[in-house]
Every structure is written in C-alpha cells, then in structure tokens.
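> Model the placement of chains L and R on the given structure of chain C, informed by the hints.
Residue numbers (numbering that gives the first Met the number 0), protein chains in the order written: chain C, 0 to 140; chain L, 0 to 387; chain R, 0 to 337.
Treat the hints as calculated values from the structure; they're not laboratory data. What you are looking at is a predicted structure, and each value in this text was computed from that prediction instead of being measured. Accuracy of the hints is not assured; some may be wrong.
Said to hold, decoys possible - Below, simulated DSSO-like cross-link-like pairs (lysine-lysine); rule was C-alpha separation at most 27 angstroms, straight line:
#1 L:K225 <-> L:K192
#2 C:K38 <-> C:K25
#3 L:K122 <-> R:K197
#4 L:K192 <-> C:K105
#5 R:K333 <-> R:K82
#6 R:K321 <-> C:K105
#7 C:K56 <-> L:K161
#8 R:K18 <-> C:K77
#9 R:K331 <-> C:K105
#10 R:K23 <-> R:K337
#11 R:K333 <-> C:K105
#12 L:K161 <-> L:K174
#13 L:K122 <-> C:K77
#14 L:K195 <-> C:K105
#15 R:K337 <-> R:K18
#16 R:K23 <-> R:K217
#17 C:K56 <-> L:K303
#18 R:K244 <-> R:K217
#19 R:K321 <-> C:K56
#20 L:K161 <-> L:K30
#21 R:K217 <-> R:K321
#22 C:K25 <-> C:K77
#23 C:K77 <-> L:K192
#24 C:K77 <-> L:K195
#25 R:K281 <-> R:K333
#26 L:K174 <-> L:K357
#27 C:K77 <-> R:K23
#28 R:K331 <-> C:K77
#29 C:K38 <-> L:K303
#30 C:K77 <-> R:K321
#31 R:K333 <-> C:K77
#32 R:K337 <-> C:K77
#33 L:K161 <-> L:K192
#34 L:K363 <-> L:K174
#35 L:K357 <-> L:K30
#36 L:K161 <-> C:K105
#37 R:K23 <-> R:K196
#38 L:K122 <-> R:K244
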Amino acid sequence: MAHVSVPMYWRTIPQRYRLVGHKCRKCGNVNFPPKGVCKYCSASSDFEEVQLSGRGKVHTFTLIGAGGAPPEFAEQEKAGGSYPVTIVELEEGPKVIGQMADVNPKDVRIGMPVRAEMRRIYSEEGVIRYGFKFVPATEGA
Amino acid sequence: MRNVAIVGAGQSRYGEFPEKGIKELFLEAYKDMAASVDRNYDPKRIEAAYIGNLGCGGFQLGNMSALVSEYAGLAYIPTMRIENACASGGYALATAAMDVLSGTHEVVLAGGVEKMTDVSNLKTKYWLGVSGDTEYERLAGTTFSGLYALIAQRHMHEFGTKREHLSMVAVKNHKNGAQNPKAQFQRETTLEKAMKAPMVASPLNLFDCCSITDGGSAVLVTTAEKAKEFTDTPIYIEGFGASSDYLAIHDRATTTTLEGTRRAAERAYRMAGVGPKDVQIAEVHDCFTIAELLAYEDLGFCKKGEAGAFIEEGHTEITGDKPVNASGGLKAKGHPIGSTGTGQAYEMFHQLRGTVNKPARQVKGVERGLLHNVGGSGGTVAVTILAR
Amino acid sequence: MALGISGYGVSIPRFRIRKEDYTKAWGSFAAAGVNEKSVTGFDEDMLTLATKVSRRALESVPLPPAQVSRLAFASTSAPYTEKLLSGTILTGLGIPNETFASDHTTSTRAGTEAMIAGFEHLAANPSGRALVAVADAPTASMWDSIEHGMGAGAVAFVLSQDDVLAELEGHASYASEHFGERFRPREEERLHDLNVKKFSEGSFVTNTTKAASALLKKLGRKPEDYAHAVFQQPDARAPASVAGKLGFQDPQLATGMVSAFLGDLGAASAPMGLAAAFDASKTGDRILVVSYGSGAGSDALSFRMVGERRSAVSVAQEAARKEYIDYVQYLKLKGAIK
Numbered sequence: 000m001a002h003v004s005v006p007m008y009w010r011t012i013p014q015r016y017r018l019v020g021h022k023c024r025k026c027g028n029v030n031f032p033p034k035g036v037c038k039y040c041s042a043s044s045d046f047e048e049v050q051l052s053g054r055g056k057v058h059t060f061t062l063i064g065a066g067g068a069p070p071e072f073a074e075q076e077k078a079g080g081s082y083p084v085t086i087v088e089l090e091e092g093p094k095v096i097g098q099m100a101d102v103n104p105k106d107v108r109i110g111m112p113v114r115a116e117m118r119r120i121y122s123e124e125g126v127i128r129y130g131f132k133f134v135p136a137t138e139g140a
Numbered sequence: 000m001r002n003v004a005i006v007g008a009g010q011s012r013y014g015e016f017p018e019k020g021i022k023e024l025f026l027e028a029y030k031d032m033a034a035s036v037d038r039n040y041d042p043k044r045i046e047a048a049y050i051g052n053l054g055c056g057g058f059q060l061g062n063m064s065a066l067v068s069e070y071a072g073l074a075y076i077p078t079m080r081i082e083n084a085c086a087s088g089g090y091a092l093a094t095a096a097m098d099v100l101s102g103t104h105e106v107v108l109a110g111g112v113e114k115m116t117d118v119s120n121l122k123t124k125y126w127l128g129v130s131g132d133t134e135y136e137r138l139a140g141t142t143f144s145g146l147y148a149l150i151a152q153r154h155m156h157e158f159g160t161k162r163e164h165l166s167m168v169a170v171k172n173h174k175n176g177a178q179n180p181k182a183q184f185q186r187e188t189t190l191e192k193a194m195k196a197p198m199v200a201s202p203l204n205l206f207d208c209c210s211i212t213d214g215g216s217a218v219l220v221t222t223a224e225k226a227k228e229f230t231d232t233p234i235y236i237e238g239f240g241a242s243s244d245y246l247a248i249h250d251r252a253t254t255t256t257l258e259g260t261r262r263a264a265e266r267a268y269r270m271a272g273v274g275p276k277d278v279q280i281a282e283v284h285d286c287f288t289i290a291e292l293l294a295y296e297d298l299g300f301c302k303k304g305e306a307g308a309f310i311e312e313g314h315t316e317i318t319g320d321k322p323v324n325a326s327g328g329l330k331a332k333g334h335p336i337g338s339t340g341t342g343q344a345y346e347m348f349h350q351l352r353g354t355v356n357k358p359a360r361q362v363k364g365v366e367r368g369l370l371h372n373v374g375g376s377g378g379t380v381a382v383t384i385l386a387r
Numbered sequence: 000m001a002l003g004i005s006g007y008g009v010s011i012p013r014f015r016i017r018k019e020d021y022t023k024a025w026g027s028f029a030a031a032g033v034n035e036k037s038v039t040g041f042d043e044d045m046l047t048l049a050t051k052v053s054r055r056a057l058e059s060v061p062l063p064p065a066q067v068s069r070l071a072f073a074s075t076s077a078p079y080t081e082k083l084l085s086g087t088i089l090t091g092l093g094i095p096n097e098t099f100a101s102d103h104t105t106s107t108r109a110g111t112e113a114m115i116a117g118f119e120h121l122a123a124n125p126s127g128r129a130l131v132a133v134a135d136a137p138t139a140s141m142w143d144s145i146e147h148g149m150g151a152g153a154v155a156f157v158l159s160q161d162d163v164l165a166e167l168e169g170h171a172s173y174a175s176e177h178f179g180e181r182f183r184p185r186e187e188e189r190l191h192d193l194n195v196k197k198f199s200e201g202s203f204v205t206n207t208t209k210a211a212s213a214l215l216k217k218l219g220r221k222p223e224d225y226a227h228a229v230f231q232q233p234d235a236r237a238p239a240s241v242a243g244k245l246g247f248q249d250p251q252l253a254t255g256m257v258s259a260f261l262g263d264l265g266a267a268s269a270p271m272g273l274a275a276a277f278d279a280s281k282t283g284d285r286i287l288v289v290s291y292g293s294g295a296g297s298d299a300l301s302f303r304m305v306g307e308r309r310s311a312v313s314v315a316q317e318a319a320r321k322e323y324i325d326y327v328q329y330l331k332l333k334g335a336i337k
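Bound-form chain C, shown alone:
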C-alpha cells in the first residue's frame, strides 16, 4: 500500500478534486501541484489560487503492464489490462502526471487533447481516495 495517510491525502483535495493551481504573484507562472516557493522564479511564496480548466495535451505517455503496476493498481490492471499513464501539459502551463481513462490504450498519442475528470484512484484502510484522471477531450462536454 502507498501509505498516504488520510490527513495527507485530504490536504491535497483542492488539487486532486478540482485542479486548483497557485499563480506566483511575482512572476505570473502557475505552480501545479503547488510548491512552497515558486519553482519558476525561486523568489516568491506569494501565490493566488487559480482554478485550472483541466484541459491540456499529452506530453508523453506509457502503457503500464502487470510488471509496472504498483500494488494499489494491480487489481485494476488485472481486470482491465494495461492502463495509460501520461504527463499532460495543461493549458495554463504546468505539466502534471495522471492516468488516462475512457480511452483505448492503443489510441493514446503525444499531442492528444485531454481533459481532467474525477475518478476513483484507490482505496486504503477502507477510505476511497478520489482524484483526477484524464479523458480524451473530444468526448462530450
């Protein structure tokens, strides 16, 4: 198990449920996930919260097979076969890692437009951890 405690997971809910980013008031870049000090200018801890759209493009990806899956995702891989993991370049600038969903793994391409959506990530100690996964942006609203 990943051993991410309940409070630790809870602290990141604004990012995991809603993709809340931190815009540096000094240099204007968006940090997501947030940092204590802006990772672009390394000069400021003064941020304003910004709601990211969740839209972006696939920067790189991989299809995780049984040998590459951490225990939390072993059952998912056994039930559904290899799943895609991608680093997405979000519209607002930052890149973030996330699993893809609702897509045929064979169709994943660098440059594919995607959109974040809430999914079950895993369960630990009976508590379901929700977070974002990326789905192809062409589907629906």
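For chains L and R alone, coordinates are given in the frame of chain C:
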C-alpha cells in the same frame, strides 16, 4: 585534485541470497575490501564509516549503520547511514571524500548495502515505489519503470531514438556481465530476445529493466599522503559533484534530460579540471536501458539526442573508445540500491589498476574513469571522477 | 416567474454488455425488453459519475458552482452506506460549503425525491439555484435474476425560477407499506427479492397510478395532453401495465424507454427517461414522469417545455459512445470474482 585516494575496494557477490541479510552482505564486502589493500591494513585505523542504504533490509529503520559496522568489527567509530535512494552509495563516497578533505578524519570507509529479496512482492513494490514522488507519481499508477518509460517515450518522440537502441544497451551489458563472476546475471542475450520481452511499461520491456538484488560494497578512502602506506597504486578521487532535481518528473523543465546528472557531472569535471573527452571509461546508472542512453548525453559523451547513434556506432563497448559499464552495469550486475554507487567505485578501482577479476572485461590502459550514480528518476545524482 | 428546470446533463459509462452474453453464461436473460445495458468502469462510482454529470448540467445553463444554493444527491448504490456523500460532490464542484446538501438513498424513488426537495427549496428561496444529481448502478447477487437488467447511469438537473427550459406544472406523491420486494437488510450485502410476483406488481401499479392520477386530477389534465410519459423501468415491460391503467399509449412511452439499451438505472431510471424526453421534445410539449421505489412509494411530476435550450450531449449521443464487454470481463469489473 589529488588530495584524496581510494586504497582498497571490495564487493560481495550480487544476487538473491536467502541465507544472507544486510549484516552478512556488508561483512562480505568489508572483508573483500580489506583483502584488496596491498599492505598495512588494520581495521583499527578506520576512523569513520558512511554507509549507503535505502530499505534497511526491511526491518531496521533507525541506527542501521551502527548495526552493520559493529557486526563487521568496527564498533565505536562515527558511522552514518546515507540515504538518497539509488544514489546513496555515490553520496556515501562523496561524504567520505569531504570528511577526508576537511581534515576531520584520515582513513574512512565508504560503502553501501541492500537486502531486497527478503520481503514479499507487495512490500518490495512498496519500497520501489516510494523514491519517486509518492503523492502524484505513485498515485498515478507508476513505479520507476513507468517514470523512465515516460522519459523514453518522449526521447523517442523528440530525437527519433529507436526500440533497438534501448535493447542494444541490454545486450552490451549482459555481454559484459557474463564476464563478471560477481554479477547477478552472467548470461548473454540477443538483440531479438531483448526486443521481444514482455512489456512492463511501454516502451520498456522486461529486458529494459534492472532487477532487484542483494549486495554490499565498500571502499577505503584516505589522504593522498596516507595512501602511500597502503599501496603504490592509489586511485585518486580527482573530482566529485552532486546535484538534486525536482523529484516529480512533471515538475522538470524537460523530461529528456536529467538535470541532476548534467549539474553533478559539471561540478565533478570542474573540480577535477577535466572534461568528458578526458574520461576513458565509465560506470553509469543503467537502472533502465533509457537511463544509460540519457547518461551518454547528460555526461557530455555525445550531444543531446544522439545517444542512439552513439551506442549503435559501438563507442561504448569494451572494445570501443568510451567503454561504459564493463562490469555489466546495473542491468547484468544487479542493483542493490544502497550499494550500487560504491559498487561502481569497486569496479573502477580495479579497472584503473588493471586488477579486474576476469581479464575478458578488463579495459586496457585506462587512466581516468567516471562513476555516475542516480537516485530514483534523477531526484539525486552523484558523479565521481577517479584517476591513477 | 416559472419554477422549473434550467439545465440538465447526462452521463453514461461507456461499457456495454448484451443480453446474448448473459444467455451464454446463464442460459437465459431475465430483464424483459432490455437488449443491452451499461456497466461502470473500474475507476467509476456513483460519486465520480454524479460529479461529472453535475458539471455538465451546470455548464449547460451556464451556472457557476459558487451560485448553487441547494444540492441534492440521489443513489441506491453509493460507495458508502454511512458518510455524507454530497460532501464529496460539493467539494469536487466547488459549491460553497455553506450550501444545504442532502443525500437520498434508500429506494429507486430517490431521484425524483431529490428533485422535489430541490423544487421545495426554490419555493422558499425564489432566487436560488438547486442542483440535483442522480447516479445509480444497482447491484445484486450474480445468481439472482433481478441482477440481469441492472445498468448504470447519471443525470443532473439545475432547478431555478429563472430562464427555464421546462416549467414544473405540479407534482404529487404516494407512499405506503409494501415489503418483500427489492430490499436490502442492514447487515447484508445482497439485494433481496422474495419474488411474490403478483403482490410486488400490485405494489408497483398501485403506488405509481395513485401518484400519477392524483397529479392529473390536481392539474385537470388528461393523458392525451402529454407528448411524452416516462415511467420507472426495472425492465422495459413494467411501464406497460401502469400506462395502460392510466390511459397512455405506446408512442407516448417511446422516447423515455431508456431501459431497452441501458438497463435498470435504479434511482436514475425515471430521470434518464425524462432527459431523453427533453432531448426529443419541442416547445409546448408536456411530459409526465413517474418514479417508483420499492417499500414503497412513487412521485409524479408534470413538465411543460417552454424554452429551446437542450443539453449539449443528448441521451442518444451518450448511449452511442460504447464499448462491448463479455460476461467474464463484466464479472471482473463488478468485483464479483472474489
């Protein structure tokens, strides 16, 4: 710089040993090191020990360095566990060098040990998965294979690196490992086999990934002056450099360069007063085949994006002009996480002295070698330059 | 100002299983009139579906989440039996923490129950905006025939007194004691059904016809006044007896008959049929929707279409986005293989 030198180096056999724990593995490495010192070795002369280790054998989280030191007969010395994931050993070596350079101690042991095969598959995957960014990378469904796969996919996209290039690394390193009696895997493989192995995290297949391993290593570090008491052929630590990087690869400016490698190498080269062209042999961190290709570029052996051509042209074979991983690398030799960095030093010590334990992998007439040790997906990196 | 629905959204998970796959596994398929049904993926549950569909409904108005003044969530298959479920949805959407959020969970009538709760909020808060999210994927033992028709889907509505596309003409309800049909005792995992057929059918017909006829009488309406009539669909044949008794014809039921290609959507059954009727309707059309929950109770609501706006993604479009799985894959996804 010629102020610090290695006068002895040892390594245990790397592999899977149900009968040996971290204490026994460290002892084996330590004894091998003691036996390698040409003369005047006396355990009472060791003044400090820096021991690289990640998982503590799965049981001893605190004070692990005291445990293995006293087991090997080195009680009462200042000892410290160095942890920077897979770069622990390289950092232990750098710490030992800094200790000696500072004048605090004169004879210091730098080593590493890891016991990875004792615990269940589930627990192993836990340990392997917590040196990347646990909060986001782990919970996106990756362990290190996934992260390096993301890097490989982008490298192939940006530079046209091919599937074959990845497998060439595996083939070369297994060929070298077959000539290393201490390697975990001592069988050659073919390009076809390496390319057709089952997929772990695309494009990386089973043959692109190093194994889990038990093992230990130790080197004896001292001042250039004191070195003469032990040997006529000390190996100098000409330079060392280290760096960290953003832990999660998505936080980095680019996914196709390990900035940690670049900066650590820059610092090591600067301290040594040399450049990549002056390095004649290297042991690099091929936890995954793509990692070795990246190392060619980020250490300055070839231009960014040209690693595929570099290996294809044969430069990094034992017979080439820049032999890389003559030991078999992490791929064939094995990767006992805390030990890997000082294990590289063990190989290079013998390569530079011409005393490698099997002539078939001895690279002849080399004077300067480089060690490249990476923690996880590059969160920490240590580079060391050794020279006759 | 007219009280009604100013936006709606639907979401259907993309996996489908056909009745032929059931027949291969069990020799027969028990859900009358159902040809195929939807199945949730490994990482979907009623909270992720409710969040997704709510976002669609809000965007269809458009309404910023910060302006939602009432949230009502309905499902019989939420991932927890005790935990404030609407808290997850509220947080996932960015709805203010001060909002009154309610969970509706213990029967398949919960969807319309949540809608009526939303309308009651607006009656007391005329400038408010209520979000109703219904997501259901009922489950039962793989050995029970009641399981055969169970599908998965989600619908959300934005209710207001402002710029509505469908005006609420009125609603009526009926609740009674009827047991032995589709129940789940507290300590048990399996849905039970004693299959006392005539008795259970009687409950279904009694509760729904009482609610519907009370509404028609209150509004002074006749069946002919309605372009569409939507009924609770444990399968595709159940509505027929109710419709017949009330005087509705087959063509009126056609647009709302979502169970034929989605299965039994539980609390989302009547709401999904209503969304399908919205998709197909034109200004001036009247729509009657009648739900049913075992144990037992029924809500009837009457709508009149007054606006042109429709959901960006129709039920038909969502249903067309599909990938077929076989029975073994179905068992894996449902976690039925232990």
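> Hint by hint, say whether it matches the structure.
How the hints compare with the structure:
no.	hint	verdict
1	L:K225 <-> L:K192	50 angstroms, violated
2	C:K38 <-> C:K25	12 angstroms, holds
3	L:K122 <-> R:K197	56 angstroms, violated
4	L:K192 <-> C:K105	23 angstroms, holds
5	R:K333 <-> R:K82	22 angstroms, holds
6	R:K321 <-> C:K105	16 angstroms, holds
7	C:K56 <-> L:K161	23 angstroms, holds
8	R:K18 <-> C:K77	25 angstroms, holds
9	R:K331 <-> C:K105	21 angstroms, holds
10	R:K23 <-> R:K337	21 angstroms, holds
11	R:K333 <-> C:K105	24 angstroms, holds
12	L:K161 <-> L:K174	21 angstroms, holds
13	L:K122 <-> C:K77	19 angstroms, holds
14	L:K195 <-> C:K105	18 angstroms, holds
15	R:K337 <-> R:K18	24 angstroms, holds
16	R:K23 <-> R:K217	49 angstroms, violated
17	C:K56 <-> L:K303	24 angstroms, holds
18	R:K244 <-> R:K217	18 angstroms, holds
19	R:K321 <-> C:K56	24 angstroms, holds
20	L:K161 <-> L:K30	43 angstroms, violated
21	R:K217 <-> R:K321	42 angstroms, violated
22	C:K25 <-> C:K77	47 angstroms, violated
23	C:K77 <-> L:K192	25 angstroms, holds
24	C:K77 <-> L:K195	22 angstroms, holds
25	R:K281 <-> R:K333	39 angstroms, violated
26	L:K174 <-> L:K357	13 angstroms, holds
27	C:K77 <-> R:K23	23 angstroms, holds
28	R:K331 <-> C:K77	9 angstroms, holds
29	C:K38 <-> L:K303	24 angstroms, holds
30	C:K77 <-> R:K321	21 angstroms, holds
31	R:K333 <-> C:K77	13 angstroms, holds
32	R:K337 <-> C:K77	13 angstroms, holds
33	L:K161 <-> L:K192	16 angstroms, holds
34	L:K363 <-> L:K174	18 angstroms, holds
35	L:K357 <-> L:K30	20 angstroms, holds
36	L:K161 <-> C:K105	19 angstroms, holds
37	R:K23 <-> R:K196	26 angstroms, holds
38	L:K122 <-> R:K244	63 angstroms, violated
Checked against the numbered hints above, the structure violates hints 1, 3, 16, 20, 21, 22, 25, 38; every other hint is satisfied.
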